[in-house]
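A.B. asks: Join the two chains, each given in its own frame, into one complex according to the hints.
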Amino acid sequence: MSTIEIRDVSVRIMHAEILIGVSLDVPSGEWLALIGPNGAGKTTILRAIAGLTPFDGTIRLDGADVARMTAKQRARTVAIVPQRPVLPPPMTVFEYVLLGRTPYIRYFDTETANDLAVARDALARLDIAPFADRQLGSLSGGEQQRVVLARALAQQAPILLLDEGTSALDIGSQQQVLELVEDMRLSDGFTVVSPMHDLTLAGQFAHTLALISRGRVIIVGGPDEVLTVEMIREHYGAEVRVMQDGEGLVVSPVRAARVRR
Amino acid sequence: MLGLFVGPVHLGPLDVFKKLISVLPFVRDTSHLTATQEAILMQLRLPRVVLAGLVGATLSFSGAAYQGAFRNPLADPYLLGAAAGAGLGATMVIVFTHAATASNLIPVAAFAGALVAVALAYAMGRAGGAGRTATSLVLAGIAVMSFLTAVQTYLQQRKSDTLREVYGWILGRLSTAGWHDVLLILPYITIGGAVILAHRRLLDVLALGDEEADALGVNTRRVRLIVVIAASLSTAAAVAVSGLIGFVGIIVPHIIRLIAGTSYRVILPLCFAFGAAFLILADLLGRTMIAPAELPIGVVTAFFGAPFFAIVLRNSRKMI
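Chains as they are written, first to last, in the numbering used here: chain A, 1 to 261; chain B, 1 to 320.
Excised from the complex, chain B in its bound form (with noise of 0.2 Å):
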């Protein structure tokens, strides 16, 4: 809520709180906002705020998934390459393509980029350290990142017209939100999550080890590829409209994890509460901090995130 309030324009509380409970039917609008105040809130700020919202539990949930399917504490959509594989396939939609079809291609491509990136993680960590640890597949996803990444670059630094949006689009930029983002990735998110979600009491079985998990029944290989799918699904489709933003999918399910246990049943649900509370927050806190300028948002959760991860991986060996 606060996120509405606050800005470079100032709206009241209580006049927020009065239109926006007039959305629903049956309450008259006795809010005092000018039609530019209202313009401001409806169309800038409540978009930007949802999207936010969205982004932080679609990230928070497949965080959560990718260390549920890897029995990984660090495996996070930032660290194991898949947003920097989405960043890639966005970013060869903005390159090669007209303006007027690229926002629709960016998810897609974002999708296909980000399931190559952590396929490629998966396969080179397991081929890495024989005894698959954690570190060895966090190694792997940060050389898949770091080239994919590099490739990226390239291409962005060969078409230097879409410098710039490329290069605001890839520090993560909630700022030109508007309902078309929020429309443009709901679907895929809510599949994404939806499937997750679904999958909640097998990835606690996976906390066994494969050969536990196969001798109760379970088909591990199949549950960990539907998982890591819809978990890339909804990670690209949330980079497609951000940008990278690190970290989130770290910081959050581990907060929960030490706040209410570690089964996935009470992990995922709270993700979508507590990662959408995040990154809103982590965004009132960029477009504040050095007003009127804006901070990207990928900057602070870096600034929070990366402490944290040295946290995580300090105490790795104790955790799941």
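Only chain A is shown next, with the shape it has when bound in the complex (with noise of 0.2 Å):
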């Protein structure tokens, strides 16, 4: 369980400003989902998150100031699932989910038995069990998001940055992997944070979205007030209409003639 604290942070990469003064409050337990047109910032919050990019202002993970944490004990607190995973095909998946434990073994060390058994239970977890000595190259785009899953899952942290791995996923394995980590994060309390692209996904699965356009944060809230077709024609050029099902909203796309701006 850990709460995270953006405060006015500011990222500026060269010259261009990537971020400017962003705030944000995730609860514990909560999942914060990112909306907003590519090159918003929304992976860069993740990175500033992490500790992976400099950055002005604080970020406080459970009170604790990040820029102040050693790289372990980040590690232990903020466990990423990357866009795009670097996954050396020839590697088995037990050896690749076991570096996620990487941030609890001393330098010179190895794995404690205790690490295998969390390792293995993590594969458990996820089903994928049965392939632990696969190569990573022989495996499905779906199997490999799993396998990244149950490395970020062996990490123990308390806190989940997931980053939009399952948009290149057929929508089955999309929905799968989003109700793994919604399990994950009812069962372990999980707080996660990540940014999506496909919005009716984010309404269903987040409690919070902040929709991130240019570097700055436009809105905070729950679906119903983010989700509105000026939002999104404002910020993402698009034309949509924004449905009320039983379960949530839908937003679809609308063909235009014309889309004015």
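These are computed hints drawn from the structure, not numbers from a lab.
Predicted, not measured: the structure shown is a model, and the values here were computed from it.
A portion of the hints provided could be inaccurate.
The following residues of chain A were derived to be distant from chain B, with all beta-carbon distances above 12 Å [claimed, not checked]:
| hint | residue |
| --- | --- |
| 1 | E17 |
| 2 | R60 |
| 3 | R68 |
| 4 | R120 |
| 5 | R151 |
| 6 | G172 |
| 7 | E179 |
| 8 | T208 |
| 9 | S213 |
| 10 | G221 |
| 11 | E225 |
| 12 | R255 |
Simulated restraints, written as ranges between beta carbons of each label pair [unchecked claim]:
| hint | chain 1 | residue 1 | chain 2 | residue 2 | range |
| --- | --- | --- | --- | --- | --- |
| 13 | B | S146 | A | Q73 | 45 to 53 Å |
| 14 | A | E230 | B | V266 | 54 to 62 Å |
| 15 | A | D224 | B | I259 | 57 to 65 Å |
Computed footprint of chain B on chain A; a stretch qualifies when at least three of its residues, placed anywhere within it, have a C-beta under 8 Å from a C-beta of chain B [stated by the list, open to error]:
| hint | region |
| --- | --- |
| 16 | 82-89 |
| 17 | 98-106 |
Just so it is clear, CB atoms sit at the ideal spot from N, CA and C, and this is done for glycine as well.
C.D. replies: In structure tokens, the structure reads:
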């Protein structure tokens, strides 16, 4: 269980301002979806939380300042599922998942029996135990996504940053992966932050949505407040219809003769 | 073992074996070797085989270490220019100092040369290829190697009195090896090998790329720096006694990968054994193929290594 507190965070790379005065709060055990057009700065927010990019401002994880944590402390607090994870093709699934234990192993040590047990447990929980000895290169996209999640699970970090690795998956695999993350969140109390492109899925899975555009936070709120026709038109330049069905909102593109901006 | 029996002077396998175990305590020497034969075995062949094994092991695990640190299947002590840098350092010592002090200075000068060469190749490879692809690093390494070799050739031609010595050394010589060579490089190789071996788990983490390794709490820059320095130290020591022997650092680790998987925990220890065996065998071929003359060992490894390199290059997208 962990809260995330982002206060007035700015990131500048070369001379470009990637993030400008971003402030966000994620209560412990909640799921925050970051939405916004490509290049808005969503991934940079994740990288700042994980301490992978220098930034101005403060980010606190459970009250602890990210900038003052050691790399290992950070890695024990925050697990990242990258957008395009590096999966060395000949590496086996078990070897890969075991790498999630890295922040717990001292410099010259090797894995303990406990580390092996945690990795095996992660495989079992994501239903990929039978794949343990398969090579990463032989897996399908959906299977690979599970393996990456298993590594994050083995990391036993209370905060899960889920970059949109799901966008390349078919609708069934996508749904499965998100359901798995939801299960992990409910059973282990993960706090989840995840940039999402599919606005309907974002509305279904996240408690709170933050619309990011050109490095700024435009609006934070529930799906009803954020997913409006006007917001999406202004920041995505897209014409959509937002419909209410029994479960939540459905955002559907509209084929218009002319799209006004 | 085969390397001990075969040579211009015939020695019986059984006698060699008996002599060898007689070194162990409580075993009586029951071999029937003459004093000359014994001298040939203990002072010429044995040190040569031991040295070939040490050099082979060193070039192999250094190659594996470079490949892991740079995440580049084509990295090799020879192709990165490390060997050429070490060669230049050694040549400078041979050319500019007295023969008496030279042999002790060579490893140090070779180490400095190797480090400079790898740093140059890496910096050039990064600057040249924006994507830091496998090939851009190798291209940079070859440019560095050519330059350093040019400087070296200039030096050796200017001082023609040492020409033969330098030239014989460049092509790789294990022929004049003695126990003092083994003792000279043993400390460097032990330290370098131990440091690399200690980082075998972290080399596996580096396979995920810098960003993900950083996210797992690994200081990727520090690990890379330490491993590269250790690999260069070992390479330099090996080059200092054996000359330029190419491709061992690519052939051996890749064969091991094919057999035993990609984890550096498995690869590195196996590199010691396979690398040693490989070079002893190559040396054996070198001195028997056109006997009684000797083929430089660098020629033998290049003969097998270059075609192998082509295969690795073809598959490099699939590996690591």
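A.B. asks: Each hint: holds or not?
C.D. replies: Results of checking the hints against the structure:
1. The claim that E17 (chain A) is not at the interface with chain B holds, since no C-beta of that chain comes within 12 Å of its own (minimum 21 Å).
2. The beta carbon of R60 (chain A) sits about 19 Å from the closest Cβ of chain B, which is more than 12 Å, so the claim that it is off the interface holds.
3. For R68 (chain A), the non-interface assignment is confirmed: its Cβ lies about 15 Å from the closest Cβ of chain B, beyond the 12 Å cut-off.
4. Residue placement check: R120 (chain A) keeps its beta carbon more than 12 Å from all beta carbons of chain B (closest about 17 Å).
5. With a minimum CB-CB distance of about 9 Å to chain B, R151 (chain A) fails to clear the 12 Å threshold, and the non-interface call is violated.
6. G172 (chain A), annotated as away from the interface, keeps every beta carbon of chain B farther than 12 Å; the closest lies near 27 Å.
7. At roughly 24 Å, the least C-beta separation between E179 (chain A) and chain B is larger than 12 Å, which holds for a residue marked as non-interface.
8. With a least CB separation of 24 Å from chain B, T208 (chain A) remains clear of the 12 Å interface cut-off, as annotated.
9. The Cβ of S213 (chain A) sits about 25 Å from the closest Cβ of chain B, beyond the 12 Å cut-off, so the non-interface label holds.
10. Residue-level check passed: G221 (chain A) sits 30 Å from the nearest beta carbon of chain B, beyond 12 Å.
11. Remark: the non-interface label on E225 (chain A) is consistent with the geometry, its nearest Cβ contact in chain B lying 32 Å away (cut-off 12 Å).
12. Distance to chain B confirms R255 (chain A) as a non-interface residue, since its nearest Cβ pair spans about 38 Å, more than 12 Å.
13. For S146 (chain B) and Q73 (chain A), the Cβ-Cβ distance of about 47 Å falls inside the hinted range of 45 to 53 Å, so the restraint holds.
14. In this structure the supplied range 54 to 62 Å holds for E230 (chain A) paired with V266 (chain B), their Cβ-Cβ distance being about 59 Å.
15. For D224 (chain A) paired with I259 (chain B), a C-beta distance near 60 Å keeps the hint of 57 to 65 Å intact.
16. With 5 residues carrying a beta carbon less than 8 Å from a beta carbon of chain B, the region 82-89 of chain A meets the three-residue requirement, and the given coverage holds.
17. Judged by the Cβ-Cβ criterion of 8 Å, the region 98-106 of chain A is covered by chain B as claimed, because 5 of its residues qualify and three suffice.
Violation of the numbered hints given earlier is confined to hint 5; every other hint is satisfied by the structure.
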